[in-house]
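Visitor: If you want the building blocks of each chain, they are given just below.
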Amino acid sequence: KQEVTQIPAALSVPEGENLVLNCSFTDSAIYNLQWFRQDPGKGLTSLLLIQSSQREQTSGRLNASLDKSSGRSTLYIAASQPGDSATYLCAVTNSGGSNYKLTFGKGTLLTVNP
Amino acid sequence: DTGVSQNPRHKITKRGQNVTFRCDPISEHNRLYWYRQTLGQGPEFLTYFQNEAQLEKSRLLSDRFSAERPKGSFSTLEIQRTEQGDSAMYLCASSFPLGGYTFGSGTRLTVV
Numbered sequence: 011k012q013e014v015t016q017i018p019a020a021l022s023v024p025e026g027e028n029l030v031l032n033c034s035f036t037d038s039a040i041y042n043l044q045w046f047r048q049d050p051g052k053g054l055t056s057l058l059l060i061q062s063s064q065r066e067q068t069s070g071r072l073n074a075s076l077d078k079s080s081g082r083s084t085l086y087i088a089a090s091q092p093g094d095s096a097t098y099l100c101a102v103t104n105s106g107g108s109n110y111k112l113t114f115g116k117g118t119l120l121t122v123n124p
Numbered sequence: 119d120t121g122v123s124q125n126p127r128h129k130i131t132k133r134g135q136n137v138t139f140r141c142d143p144i145s146e147h148n149r150l151y152w153y154r155q156t157l158g159q160g161p162e163f164l165t166y167f168q169n170e171a172q173l174e175k176s177r178l179l180s181d182r183f184s185a186e187r188p189k190g191s192f193s194t195l196e197i198q199r200t201e202q203g204d205s206a207m208y209l210c211a212s213s214f215p216l217g218g219y220t221f222g223s224g225t226r227l228t229v230v
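Chains as they are written, first to last, in our numbering: chain A, 11 to 124; chain G, 119 to 230.
Source of the hints: derived by calculation from the structure; they are not laboratory data.
There is no bait here: all hints are sound.
Straight-line distance between alpha carbons at most 25 Å, and here's what the computed SDA-like set of lysine to any residue pairs gives:
id, chain 1, residue 1, chain 2, residue 2
1, A, K52, G, F192
2, A, K52, G, H147
3, A, K78, G, G217
Just so you know, these numbers come straight off a predicted model, no measurement behind them.
Build out the structure end to end from the sequences listed, making use of the hints.
Guide: Quick look at the structure:
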């Protein structure tokens, strides 16, 4: 059974700092990995989607990497801003018969202080 | 297309009542999903539709839960005889096959 772990559970940084969020998964047979942002009481906003054949994806100040063989992904946020404060969720889709189902981590709660 | 739309945004109901939530996916997406999220946890899979066919139901979805997607368009999730443990955020998402998910804003259910 796929399990996704996100470290740290919470992170507080001053504005302008670069930071890294970590995600690990137990079964490396994934089809893709997706990073989401969730604001309090809201739904999920997709940030980056990495296919299993890719090593990284970039969008603006965000860069996500994937090392499928070791079961790890990182989300790098450059020059953090208070508006980046949110919970960041990592989710994987397994390859094979259940390639439609996302398995989520519990998320990292990020606070960027002005 | 304005994305995935969910209604209502919030629902407060008394224990034992029935509730129904609606999800309107992105029109081009043939896959539709329901997830449930409790406080401090990641979303958990409930059920999945490809077009109008419901292809998988999680064991989390007890007999009190039913989901439909008539004509492969919008979907409804009904909970009968609600219990306090049903209080959660119910999230709907849609996608192309093997594509990234787009989630709605969710429906927050509180059972009192």
